[in-house]
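**Q** Chain by chain, the residues run as shown.
2 protein chains.
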Amino acid sequence: MTAYNAFYAQSGGVTPVINASAAGVLDAARRHPDKIKTVYAGQDGILGALSESLIDTSLLSDDEVNALKYTPAGAFGSCRYKLKSIEEHRAEYERLIAVFKAHDIRYFFYNGGGDSQDTSHKVSQLADTMGYPITCIGVPKTIDNDLPITDCSPGFASVAKYVAVSILEASLDVASMSSTSTKVFVMEVMGRHAGWIAAAAGLAADDRGLGPDVIIFPEVDFDQAAFLAKVDECVKQKGQCAIVVSEGAHTADGVFLSDSGVRDAFGHAQLGGVAPVITDLIKQNLGHKCHWAVCDYLQRSARHIGAAVDVKHAYALGEAAVELAVQGENALMPTIVRTSNNPYRWEIGQAPLADVANVEKPLPKHYISDDGFFITEACREYLAPLIEGEDFPPFKNGLPEYVVLNKESVAKKLPPFEIK
Amino acid sequence: MTAYNAFYAQSGGVTPVINASAAGVLDAARRHPDKIKTVYAGQDGILGALSESLIDTSLLSDDEVNALKYTPAGAFGSCRYKLKSIEEHRAEYERLIAVFKAHDIRYFFYNGGGDSQDTSHKVSQLADTMGYPITCIGVPKTIDNDLPITDCSPGFASVAKYVAVSILEASLDVASMSSTSTKVFVMEVMGRHAGWIAAAAGLAADDRGLGPDVIIFPEVDFDQAAFLAKVDECVKQKGQCAIVVSEGAHTADGVFLSDSGVRDAFGHAQLGGVAPVITDLIKQNLGHKCHWAVCDYLQRSARHIGAAVDVKHAYALGEAAVELAVQGENALMPTIVRTSNNPYRWEIGQAPLADVANVEKPLPKHYISDDGFFITEACREYLAPLIEGEDFPPFKNGLPEYVVLNKESVAKKLPPFEIK
Chain G
1 MTAYNAFYAQ SGGVTPVINA SAAGVLDAAR RHPDKIKTVY AGQDGILGAL
51 SESLIDTSLL SDDEVNALKY TPAGAFGSCR YKLKSIEEHR AEYERLIAVF
101 KAHDIRYFFY NGGGDSQDTS HKVSQLADTM GYPITCIGVP KTIDNDLPIT
151 DCSPGFASVA KYVAVSILEA SLDVASMSST STKVFVMEVM GRHAGWIAAA
201 AGLAADDRGL GPDVIIFPEV DFDQAAFLAK VDECVKQKGQ CAIVVSEGAH
251 TADGVFLSDS GVRDAFGHAQ LGGVAPVITD LIKQNLGHKC HWAVCDYLQR
301 SARHIGAAVD VKHAYALGEA AVELAVQGEN ALMPTIVRTS NNPYRWEIGQ
351 APLADVANVE KPLPKHYISD DGFFITEACR EYLAPLIEGE DFPPFKNGLP
401 EYVVLNKESV AKKLPPFEIK
Chain U
1 MTAYNAFYAQ SGGVTPVINA SAAGVLDAAR RHPDKIKTVY AGQDGILGAL
51 SESLIDTSLL SDDEVNALKY TPAGAFGSCR YKLKSIEEHR AEYERLIAVF
101 KAHDIRYFFY NGGGDSQDTS HKVSQLADTM GYPITCIGVP KTIDNDLPIT
151 DCSPGFASVA KYVAVSILEA SLDVASMSST STKVFVMEVM GRHAGWIAAA
201 AGLAADDRGL GPDVIIFPEV DFDQAAFLAK VDECVKQKGQ CAIVVSEGAH
251 TADGVFLSDS GVRDAFGHAQ LGGVAPVITD LIKQNLGHKC HWAVCDYLQR
301 SARHIGAAVD VKHAYALGEA AVELAVQGEN ALMPTIVRTS NNPYRWEIGQ
351 APLADVANVE KPLPKHYISD DGFFITEACR EYLAPLIEGE DFPPFKNGLP
401 EYVVLNKESV AKKLPPFEIK
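Here the protein sequences come in this chain order: G and U. The numbers in our numbering rise by one with no breaks, and the one at position 371 of the first sequence is 371. The numbers in our numbering rise by one with no breaks, and the one at position 155 of the second sequence is 155.
Not one of these hints is a red herring.
Identical chains share a label here; the pair holds if one copy fits it or two copies do between them.
Heads up, simulated EDC-like pairs for lysine to aspartate or glutamate below, C-alpha to C-alpha not over 20 Å straight-line:
id	residue 1	residue 2
1	Lys35	Glu329
2	Lys312	Asp63
3	Lys407	Asp206
4	Lys238	Asp207
5	Lys35	Glu323
6	Lys238	Glu408
7	Lys396	Glu377
8	Lys312	Asp62
9	Lys82	Glu418
10	Lys101	Asp56
11	Lys361	Asp115
12	Lys283	Asp259
13	Lys396	Asp207
14	Lys238	Asp371
15	Lys84	Glu94
16	Lys289	Asp259
17	Lys407	Asp207
18	Lys396	Asp206
19	Lys396	Glu381
Just so you know, these hints were derived from the structure itself, not from any lab.
Could you put the whole structure together from the sequences, leaning on the hints where they help?
**A** Structure (structure tokens):
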């Protein structure tokens, strides 16, 4: 049997463990030299294929590949670029095939979320649509946890652990200060359309009063009066209040709270941030001293507090993608299947890319409490196993010893291509 | 020799390791039953003494005291309350003495920063000023690292480690995204008057281009044109830019950048946050896509990434305070003395409270680079040993197993006192 080269790339917002999936892909591919010659990684996602910027991963040392398991962000660079339909983007597809042909690439592994799996799906159809024989397998990834079918998405569990740990710690802080100073703390987390990350903060809540008291989800229209009443009651009852708000929090008419209507001297809208808006609301209406934090990239790059199970998932899914490909499968994405909750057990399943592309999985209604401001026990049962276990990176001189790869580019064989 | 009770309290903004100092005080006091009967902890700092809200620490289990070594924030509650002079606050001083007399308290340990050590100093003078024989020893604490004389202040090193780790991780993230999306990341850290925390982020910078590219210190008047030129050059050169800004950043006329002049619909000033202001500046002038984070309480409660040396310092200073007291010393604060930089070695010294109270130690000029936007090698040499070593708390169910003390109050003997 003839062996061919493979293309692997990282797409969309990066995560603490997307590089662990890369390690899984590279390790598994090296176990199948009869089918896969070399894995070429795209520099900056699909752009690497379009621009013929290919990195020869066979030149990476074993140590470098191993270090990917504990290095956050996208070691090969990521991109936000979505291939449109063949009708709209024919030149791009022809270019992809030209690059694949020039470099003998017949395997395509795309590591990304819903938008990216739409790209994977289109590539998987190239045999039918453009007559080029390619095997395409998606590798799931998204901190938003909004991919369908899979029990969870790599990246989410580590972010979940980070936000739960962070609000646990901050709740201890505000409890210390509340007698004479700060009474309310507001922490903004990611999740523009799905409240999974905000929900995960709820894991820090315990019967000792720690963790968040109120969670604002994008799945629940923001009711200002109900929210203020909730915060007021909380401060009266326990002396302080810890709040987690999703960046996607919005009112019933669909306006993001972060779009506060505030304009600077030039009339420009004040840059996002829902935490200061929530804080201002509390300050103006209840008069409490507040503090607020915006986690932003810190939450999705915090590999130092990565979840052990997340690293395992990410690596296993990378491996599984290669195994599916060498078995001759196409247009699939390996998934996580939960087989037992307590003790937590899981195995690898699979889903057609056609069913994954562009589908968003919001937080189910029964995961949100009746008043709309907290998680239910069912949600906690789903989330709890995901943050179990620590997987600290090695440290050197007090800092995590993350790898920066020595990336060797493959010699270009084609003329440049203008990416629109 | 007669034994007396001791009073211990936590004051000002809390830290990841102030409870480790509490553990040091409690452990050391238990070794001197001939001199110290029971340590009564003040609930909410000095307010606990004024309101006679005393916690009997002899009823805490060994496990609880041990858990203080890895639990962030103030387990006994903190306060922002400064005793004025005896002339202005005579009733408060008389009340203190009444409470001390009622509970046989002749040792006073106050765990705080510069403002709090002013209170310690005033209490240490009570024998002279009010005729009450009390031994008062300060225990240093402040994430701002701005206490004089001591080489560093407990709390700072852990925050330093947190911000260095965070900007290291975020810099990997923005490097992944910069080809098609975010090119600039801005992280806001604490330090209203001193740039020590912002400086510590510089430890993440390495010869691979990771870590922060630009640091904005409160010690340097903000020069907008120079700053934008620096960011522009950085993005042009390496494709992205990671920025750390101190909350205390200000212009030459002393206006905090966080006070941007932005008003909401009601004319209220928009609540703080210098990171969004810096971001807006870059967006409007250079046009780059930016992301920003505000660490706020997360940085000062992040015991999960505490610095090992910080925990040791904090505990040792708590112990040393008790040892000084039982040796009959008064009006002192134990300090950290650095005896060797490489390998890092330190010992306990001491400073008169009179020399510590209300003195702020800013970042020295030679710790800031000539252009004002980075740290020097001298600064790095000072900071590097402080973040060495990890001291992870125990974890349970995926979260740090922090303690919430079972606090038993001492029966009140006095009528209530109204605190103004």
